[in-house]
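Protein sequences, first through last, are from chains U and V.
Going by the numbering used here, the first sequence opens with residue 1, and the numbers climb by one from there.
Going by the numbering used here, the second sequence opens with residue 1, and the numbers climb by one from there.
Bear in mind the hints are in silico, worked out from the structure with no lab data behind them.
All C-beta atoms in this analysis are idealised placements derived from N, C-alpha and C, irrespective of residue type, glycine included.
Some hints could be false.
List time: in silico DSS-like cross-link candidates among lysine-lysine, alpha-carbon distance up to 25 Å [stated by the list, open to error]:
#	chain 1	residue 1	chain 2	residue 2
1	U	128	V	143
2	U	128	V	296
3	V	140	U	128
Covered by chain V, according to a simulated footprint, are these stretches of chain U (three or more residues, beta-carbon under 8 Å) [said to hold, decoys possible]:
#	stretch
4	80-90
5	120-131
Label-pair distances were calculated between CB atoms; the ranges are [as the list claims (entries may be wrong)]:
#	chain 1	residue 1	chain 2	residue 2	range
6	V	193	U	305	25 to 35 Å
7	U	40	V	34	54 to 64 Å
8	U	272	V	144	36 to 46 Å
For reference, the chains in residue letters:
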Amino acid sequence: MSTKEAAPWESPTSGESRSRSLTICRAQREAVDWEMANDNRVFMMGEDVAGFGGVFGTADGLGDKFGSDRVIDMPISETGWIGMAAGAAMEGMRPIIELAYVDFIGVCYNAIVNHAAKTHFMSGGQFKVPMVLISGTGAGYSNAAQHSQCLHATLAHMPGLKVVSPTNAYDAKGMMHTAIRDDNFVVFLVHKGASGVGFMGPLVKTSLSDVPQGDYTVPFGKIKVYKEGTDVTLAGVGLAVHQALESAESLAKMGISAEVVDIRSLVPLDREGIVDSVAKTGRLVVADEDYHSYGVSGEVIATVIERDASIFKAPPQRVCIPDVSIPFSRPLEYSILPLQERITSAALKTIENKS
Amino acid sequence: MSLPISIRRSMFETMVRSRFWDDRLTEQYWIDKTPVFAFGAGPLPGELHTSHGQEPVGSGVCAALRDEDMITTGHRPHHIAVARGVNLKEMSAELFGKKAGLSGGRGGHMHLYDKRVNFSSSGIIAEGLGPAAGMAFARKMQKKPGVALSFLGEGAVNQGAFHEVMNIVGLRKLPFICVIEDNKWAVTTHKSMSTACERNSDRAASYGMAGEFVEGNDPELIYLATQRALERARSGEGGTILEIETVRLSGHFMGDPAGYITGKKSDYQIDPLPVYRARLIDEGILTEKEASHIEKAVDAEVDEAIAFALEADYPDAEDALNCTFA
Numbered sequence: 001m002s003t004k005e006a007a008p009w010e011s012p013t014s015g016e017s018r019s020r021s022l023t024i025c026r027a028q029r030e031a032v033d034w035e036m037a038n039d040n041r042v043f044m045m046g047e048d049v050a051g052f053g054g055v056f057g058t059a060d061g062l063g064d065k066f067g068s069d070r071v072i073d074m075p076i077s078e079t080g081w082i083g084m085a086a087g088a089a090m091e092g093m094r095p096i097i098e099l100a101y102v103d104f105i106g107v108c109y110n111a112i113v114n115h116a117a118k119t120h121f122m123s124g125g126q127f128k129v130p131m132v133l134i135s136g137t138g139a140g141y142s143n144a145a146q147h148s149q150c151l152h153a154t155l156a157h158m159p160g161l162k163v164v165s166p167t168n169a170y171d172a173k174g175m176m177h178t179a180i181r182d183d184n185f186v187v188f189l190v191h192k193g194a195s196g197v198g199f200m201g202p203l204v205k206t207s208l209s210d211v212p213q214g215d216y217t218v219p220f221g222k223i224k225v226y227k228e229g230t231d232v233t234l235a236g237v238g239l240a241v242h243q244a245l246e247s248a249e250s251l252a253k254m255g256i257s258a259e260v261v262d263i264r265s266l267v268p269l270d271r272e273g274i275v276d277s278v279a280k281t282g283r284l285v286v287a288d289e290d291y292h293s294y295g296v297s298g299e300v301i302a303t304v305i306e307r308d309a310s311i312f313k314a315p316p317q318r319v320c321i322p323d324v325s326i327p328f329s330r331p332l333e334y335s336i337l338p339l340q341e342r343i344t345s346a347a348l349k350t351i352e353n354k355s
Numbered sequence: 001m002s003l004p005i006s007i008r009r010s011m012f013e014t015m016v017r018s019r020f021w022d023d024r025l026t027e028q029y030w031i032d033k034t035p036v037f038a039f040g041a042g043p044l045p046g047e048l049h050t051s052h053g054q055e056p057v058g059s060g061v062c063a064a065l066r067d068e069d070m071i072t073t074g075h076r077p078h079h080i081a082v083a084r085g086v087n088l089k090e091m092s093a094e095l096f097g098k099k100a101g102l103s104g105g106r107g108g109h110m111h112l113y114d115k116r117v118n119f120s121s122s123g124i125i126a127e128g129l130g131p132a133a134g135m136a137f138a139r140k141m142q143k144k145p146g147v148a149l150s151f152l153g154e155g156a157v158n159q160g161a162f163h164e165v166m167n168i169v170g171l172r173k174l175p176f177i178c179v180i181e182d183n184k185w186a187v188t189t190h191k192s193m194s195t196a197c198e199r200n201s202d203r204a205a206s207y208g209m210a211g212e213f214v215e216g217n218d219p220e221l222i223y224l225a226t227q228r229a230l231e232r233a234r235s236g237e238g239g240t241i242l243e244i245e246t247v248r249l250s251g252h253f254m255g256d257p258a259g260y261i262t263g264k265k266s267d268y269q270i271d272p273l274p275v276y277r278a279r280l281i282d283e284g285i286l287t288e289k290e291a292s293h294i295e296k297a298v299d300a301e302v303d304e305a306i307a308f309a310l311e312a313d314y315p316d317a318e319d320a321l322n323c324t325f326a
């Protein structure tokens, strides 16, 4: 076992079945650990994973535990080793690969979308590509335009890959088990600001959860309703879900009951679940830290309109990055993020439209 | 040095099979594509890159392989697929977009997959290298035998994927052979205009790999060089960059008049098939009668494959919606 010290938020554990409050990062890593221990087809590959444990701690201690033959450091050659992962998956392995920042997909997009994602289809099902790509997303810490993007729509747009983005530790562990056991290529995105990694400042409290010691799965394609409400649905992806939760508290003080929905699985997308929530509230705000145009926010709104446009009591609103590159300077950056104030104003706009 | 007669005959037969199949595909290709040329028209639609002239590479390399070895290749895959023993009927049906095709008509000519013989191809230049290296890596982890080979053109070597993957192959001593088919032309760009060194096999030194250049588009030299590379791979010595001089007798794709290939063509646009045929007869490996017999039998086999493809049903429209996910 890993000899790493327990993080301060981990309570000491004695029994197997006890759950502990964990961060997303630690919870998802437990699932990787369990799967590697129980399935010798599973291995991990990426940059700085074996000794360092991954830039965001996703492989913390796994190199010590499983050795450098199963937690494999690779050179800065992403199109090379992501292509290799696809080939290893075609030959019966189950690679978990880490691309630290999702912004880097530019250098390996071909291996992702033209190989890993298309091989099952183009081979008529002869070759499966069961692999998991872990990557960190998101802004809010002055890392500027090339290290702050979400880009989940850029991936979710392409057929042949599943895209999930859990926002709390319980989901992160269960969805990681699901991802590794899936026979398809799964992209597993976690917002750096919610993951609980040490250099991202205070923990986002709503991202922590009690996590059972043993293995369990959380299915893809199901929204999670964090908070039920009746007046407006605040649907979010990634860190924006936590901002929506704070917005819901502000709205509650104004007497407005907001339902907070975590989309959490972009492909497959729980279209029914989203429609059900909006059918109940009649109003929708989508909070998404990806770019405004051609993204998940538009997809979610279109999903509701295609089912039944009459559901809307007011025009739906989007709170996203307004189609600009993410700026470095704090006031500039904060002005464009989907933070709670913007979500609250958007929600109020849908309510005002009632009259 | 002298190869067994059975291998020499078999390599000739494989070259004939690839050539006759390409010839028959060419005939089919032009149906309904005149007077107005449209890639998408006719019974054999899409782009078509035939292998005329490159048959010795497929035949020579694949004759040296074992069943467990694995291949990825690129947009000009016919000679390698035929030599690897990809089912000719199902492959023909795939090219005609039929349900009985290897992938039920989802892939077509550039995207051929046959798991039974560990074969796949990709239309993206040089990007089959990563998957092939990953297959070699998987076998190493599984402690199973098998060498992975990736075929690419000399123009593809200038892609970043080549450098990235070769470095990892060298670093990890993977059982891997990078087969560069040097036909001198990357679409319309000559090797001298695209590549800083004369021989890409020389690049092997910078990746900790062995490098060999095989001259003459000769299936026997290709076979022997492949054997040496396989030995290195199987014994744990690591990978080889095998650059093979060959020739592209046709344009880049069907319909490319290749006007850019100038000069005295007879000096370098030499068809390897009659050359090898004459040599085997000359050296007493085949009689004229035996050679004709092989050609006749292969001709019938290819006819049968094309007829199978033409008669096969098209897929159901719903099949477009299947197979995206497992």
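Quiz item: With a Cβ-Cβ cutoff of 8 Å, does the stretch 120-131 of chain U contain at least three residues near chain V?
Solution: holds (count 10)
Practice problem: May I ask you to test the hint 54 to 64 Å on the CB atoms belonging to residue 40(U) and residue 34(V)? | Solution: Holds, at about 57 Å.
Practice problem: Closer than 8 Å, Cβ to Cβ, for at least three residues: run that test on the stretch 80-90 of chain U against chain V and report holds or violated. | Solution: With 11 residues closer than 8 Å to chain V, the stretch 80-90 of chain U meets the three-residue bar; holds.
Self-check item: Hint consistency between residue 128(U) and residue 296(V) [alpha-carbon to alpha-carbon, up to 25 Å]
Solution: violated (39 Å)
Quiz item: If you check the beta carbons of residue 193(V) and residue 305(U), does the distance land in 25 to 35 Å?
Solution: violated (53 Å)
Practice problem: Hint says 36 to 46 Å; check whether the CB-CB distance for residue 272(U) and residue 144(V) agrees. | Solution: holds (44 Å)
Exercise. Compare the distance between the alpha carbons of residue 140(V) and residue 128(U) with 25 Å, and conclude whether the hinted pair is satisfied.
Key: Satisfied, since the Cα-Cα distance of roughly 19 Å is no more than 25 Å.
Quiz item: Taking 25 Å as the top limit, are the C-alpha atoms of residue 128(U) and residue 143(V) close enough?
Solution: holds (21 Å)
Checked against the numbered hints given earlier, this structure breaks hints 2 and 6; the rest are met.
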